[in-house]
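Please model the entire structure based on the sequences and the hints provided.
There are 2 protein chains.
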Amino acid sequence: MALLPNSKLFHKNNKVDPEKNPKIVENVISSRPPPTPAKDIADERARTNWDLKEMHEFLEGSEAKSTEVIRLYQSIERDPILQTRPEQFDLTQKEERQVVAERIDQMSKYIETESYSKFRRRLQLMTVIDPSMGIRILVNLGLFLNCIKGNGTQKQYDFWAKKKEAGSLKQMYGCFGMTELGHGSNVAGCETTATFDEESDTFIIDTPHIGATKWWIGGAAHSATHTVCYARLIVKDVDYGVKTFVVPLRDSQHNLLPGIAVGDIGAKMGRQGVDNGWIQFTEVRIPRFFMLQRWCKVSRQGNVTLPPLEQLSYISLIEGRVGMAADSYRIGARFTTIALRYAVGRRQFAKNGAQQELQLIDYTLHQRRLLPYLALTYAAAVGTDRLEVEHNELLANLDKGLATNDKLLLKNTINSTKSMFVDSGSLKSTLTWEASDLIAECRQSCGGHGYSSYNAFGKTWNDWSVQTTWEGDNNVLAMSAGKTIIKNVQQILNGKKLKNSSLEFLNDAPTLSKAKKAVIRIKEHVDEPQRVLKAIAALISKFAVDLIPISHQSWDAIGAQRVTLSKLRCHYYLLETFIERLENQVKANSPIRPQLENLLKLYYVTNILGPFLAEFIRFGVIQPKVAQYITSIYPQELCLRVRPYVIGLTDSFEQPDNFIHSLIGKYDGDIYNNYLSAVKITNSPRNHKAPYSEALEQMLNRVSIDERARFERSKEVEALLSK
Amino acid sequence: MALLPNSKLFHKNNKVDPEKNPKIVENVISSRPPPTPAKDIADERARTNWDLKEMHEFLEGSEAKSTEVIRLYQSIERDPILQTRPEQFDLTQKEERQVVAERIDQMSKYIETESYSKFRRRLQLMTVIDPSMGIRILVNLGLFLNCIKGNGTQKQYDFWAKKKEAGSLKQMYGCFGMTELGHGSNVAGCETTATFDEESDTFIIDTPHIGATKWWIGGAAHSATHTVCYARLIVKDVDYGVKTFVVPLRDSQHNLLPGIAVGDIGAKMGRQGVDNGWIQFTEVRIPRFFMLQRWCKVSRQGNVTLPPLEQLSYISLIEGRVGMAADSYRIGARFTTIALRYAVGRRQFAKNGAQQELQLIDYTLHQRRLLPYLALTYAAAVGTDRLEVEHNELLANLDKGLATNDKLLLKNTINSTKSMFVDSGSLKSTLTWEASDLIAECRQSCGGHGYSSYNAFGKTWNDWSVQTTWEGDNNVLAMSAGKTIIKNVQQILNGKKLKNSSLEFLNDAPTLSKAKKAVIRIKEHVDEPQRVLKAIAALISKFAVDLIPISHQSWDAIGAQRVTLSKLRCHYYLLETFIERLENQVKANSPIRPQLENLLKLYYVTNILGPFLAEFIRFGVIQPKVAQYITSIYPQELCLRVRPYVIGLTDSFEQPDNFIHSLIGKYDGDIYNNYLSAVKITNSPRNHKAPYSEALEQMLNRVSIDERARFERSKEVEALLSK
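Read top to bottom, the protein sequences are chains A and B.
Just so we're aligned: the first sequence equals residues 1 to 723 in UniProt numbering.
Just so we're aligned: the second sequence equals residues 1 to 723 in UniProt numbering.
Source of the hints: derived by calculation from the structure; they are not laboratory data.
Everything numeric in this text was worked out from a predicted model, so none of it was measured.
Among these hints, one or two may not hold up.
The list makes no distinction among identical chains, and a pair is therefore deemed to hold if it is satisfied within one copy or across any two copies.
Said to hold, decoys possible - With a straight-line Cα cutoff of 20 angstroms, these simulated PhoX-like cross-link-like pairs (lysine-lysine) come out: (1) K517 - K39; (2) K516 - K625; (3) K625 - K65; (4) K109 - K496; (5) K39 - K53; (6) K351 - K163; (7) K53 - K587; (8) K514 - K487; (9) K625 - K517.
Structure representation (structure tokens):
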């Protein structure tokens, strides 16, 4: 198992002048000095001519948030339970679950002592380094309690979240019983039943067949005392569709209740620290008042009241998507930091007799592989911060509107909610996909060392991959966002104007879609961010207009195109935010400004104009003659501008070593010593025989096949038996 | 942890007519019948109107190979040690290594009893289901012995491979000591030294510093008794560059020899079953005759003879690349089978009040995601078979040429070797990348169930990922292939003609590169495979000609473009083979012909014309007006043609359940029962409390924060202490 060379490069005979060649026979020094990655990285770090904190504040969106994040990094690094250690990459599934349980316990102490918003930020950061722990807490605080908050009455929420202390990780622990073995994305198709029994004033929760087994339920296997159960409400033989119910799973002794069958769904690609389970209900009775009845009610007599304003009950689903978009930024920051530190410290192949090999990052292809991801990470930072801010505003307005019964505020908030569904869906799907690719590309860029667990790529990719699938499968979410965009464009063409919506830029669709003149006609145009933004708006408009007629026949037929629209919408959002914040939040003479301008351009040229070029050209938004400039010449030029500052630009993410959690990605850049010394600790060289060594040695020293066959196939036996 | 719905689709109230609605209160039946994936799959299987064996013979390239492969599948399925079982997805690293060791032992018995070519086929198949076992054997039989064969004398090879029985996995076990901590791709830069000591007639092997530590060496940690060591030959203070030496690591008692330090490099992203290690040599002496001296010799007096024909010594590196290209086909077959069976059996969302939900495979986007990979797998099957055949011919010719000293044959073989370096490099890199993407896309297409270990995606992806990095990093290999193509085109423009080369199609470069007329001008042209082949040749020629001037200044600057050329070369090779075999090996009236024609076209439209469209248009090979037909209309049409036969087309891969090794991908299609019942066996529902349950329960039932603080922060204490 070794990395074979490019055969051509293999042929050189590196003859060395005997004069200059020290006496190797003494076996103390090589023909070359040892590698000095730490020095290379330190030298490049010295080029950083800006204040890291200022850059970090730009990335995080505010001074306060930046300071909080940095303090939390420090708190986590110091905490004996929450901190990372290289040997954690050696954990078995059982051991990982043990560690996760200890960390949940530790987190339960912080939730009692710090502000909830700070705790949520702590949880968000912990989720990057321990996604299993993150999701186990979020299943309770996010999914379970958000579901109760969104669908239950205030009294129901107060009872379970506060009186029963689920909101403090105490007394009870909730899980989220939505998906079934046979139903993932189509929740409305769930087949678990909740049948009202008027006589006993209870609902009977039941799993009618194997397909309706609740499946993938995080926390169900071992932790959860309760679940919110998505089940079809059946009253007097009428099926009212899927509603939500709180169903206890375990008693106060943590034993399963009768009628509840639960199992561990077992080994997974990642998130091994989560006890995902399956649940089957067999005639489980719950009191009528365990149905979440904010919007939908069943009276004592079995009269059903249906939701007046159903959309509001799904706002709670947005939070997870907003969080995953933000996770994408932090994962991008972490892995571009690792890959770029390695690319600066690692040398490979010497040019024309140079004394030292070339740094990886000085290869054009290496720059083209990594720097567009660095630029994307910067764009994702500001874009996902905006998404978080807008989501918080929306929730605050909703609470205020409901509390004061302010109809206008509610109406405006519902408009914002509609675009928030599009934005959170398109950012979640686009950015979690991008982050998957980013991790994989950064891994490959570190060669064989990227394949070592201790450098964090493998476990992170495995834990990460589910982000493209859960809480809205990416393709389903993106198709939904694309559909809404097309519908909005159609309504705007018919005279409607969007208000209180982040999609207001679509109000220009009638003009943009009819424009004959390309938006980008000469290469200088590529250098104008506002023009590029307009080009995206024009492409979305023309593309949507083009799809409207087909959509009338079949939405299905334009599935792929709807996904493309969703990606374009995500990039519009990021670029718009990046431009706006660069204009308004950065001083004119700040040394971070030229850096950000380069990254901004590199971002849109390599992540938007390049990948969607065929569409831009097809719809006449970009003139074909600019194509080569966009795909080849300008990216190369921008990469060269960014190249000298990669250490400072990744240092600006301010992620400490403990958070980076990668032996080749540490701040000091002493790649080889950090790596070998940790590997020696986790795998003692004293264990030079494997547990199975005896069996292996027996195989190597086995007797001949004739002897094992008792010599009964020999010539002698043949002679004997043939007589 | 659950899959949240597309919020829009969530709003439906699936009211059911009470008349038709059975009494759910009885809790025995649902409002819908349970899912019937097995029936859906069986129904579609009935559409198969061709002989699976005939199709399999086409895929494998010959009747004999097809029969051998099918018999081996059966042998592996029956073998108690080699067969797969679902619980293998639960193994820890230690357990996996134990299983791998048992399997190597079992394989060592087959190597003694079946032909070597059949054994190699068995090993190739086993490598798909147990890549760790595969590589552990291949490190010895492939890398170690190939290195001795390629670089050692016949007597050296006979001694270690036959007399010392390394070729039978007996007595000794070799590893491949090439890469170092500081050197992967640049093997010529290795810094381990082998210094000739004339007095004792030995070489002194030494690791001068940490960067020269041998790293990633498969088998070194616990198994290997010997290594071939790539080290700089130093004789009389002159550095002759990197040569190869056989160095014993362990004595006959399997204890490490003095001067040898070895360690396990520990946890990895995948291939956990391989004991990859690091090695440091400190003044280790080996006899002079342990240097591999077929091409390079050191006499008793220290006179050095350098290789007369160095290129020949690297032919042995090709084998691994040929193997990995073939692996890509079998992995593609396995995972498209899983994903397409699931896509037929799984239903999601009902259309306009239909009784049943729609099968996943009937969504346009789902077809566009999976069917191009199915088509690619067919193309990869025939292409990689051809590569294997040509590689075997080349080795046979080389042996014959050397044995008979046939100079002409040797010269021709060396020409073929040059193009074989390009072909194996471009197929290995392109197809291992494609297979990575294929596994990831198939995984996502199975939603949450794709994330379960028992469905094979996660472990396979992890084990697979190293294929893009080792035995020639994909980017390095592809850049090398691209460079050779450009150089060849330049030489051809200068009047040279290629002979005995698979790149002979480049001889048309002068004409093709000058042609003004596009090759594909109207949509009907897209339907002509030979024309598409010509279009690729034209693109390669024009692209290469365009790059020649830049290459004179900097090969580095065109790194990305060289990778693109390599990918195009791979596709040319696959398409050329597919067309040729379809013409010559399939009867005109065979029912497999229309199927193959559809797949052929789907392959080149979605894997070649679509992805490289920007280049095709830029160089005027395809007219822009055909673009939308290529990217959208025609693929959709072809997908609809292939769609009805996906079960038969994947059944034709003939991979049995045990080889597929995925609960949702079994032949009978009884997805949910297969899945749940196996999960119940591997994770008994009786274990409904986790080992850490007590700690968890203590957390939930913890006393208040005041009590934990000994009530010393109370109002009473405040009053007391404030006095």
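Consistency of the hints with the structure:
no. : hint        : result
1   : K517 - K39  : neither (53 angstroms within a copy, 56 angstroms between copies)
2   : K516 - K625 : both (17 angstroms within a copy, 17 angstroms between copies)
3   : K625 - K65  : neither (44 angstroms within a copy, 51 angstroms between copies)
4   : K109 - K496 : neither (52 angstroms within a copy, 77 angstroms between copies)
5   : K39 - K53   : neither (24 angstroms within a copy, 62 angstroms between copies)
6   : K351 - K163 : neither (70 angstroms within a copy, 44 angstroms between copies)
7   : K53 - K587  : within (14 angstroms within a copy, 72 angstroms between copies)
8   : K514 - K487 : within (18 angstroms within a copy, 48 angstroms between copies)
9   : K625 - K517 : both (14 angstroms within a copy, 19 angstroms between copies)
The structure does not agree with the numbered hints 1, 3, 4, 5 and 6 stated previously, though it agrees with the rest.
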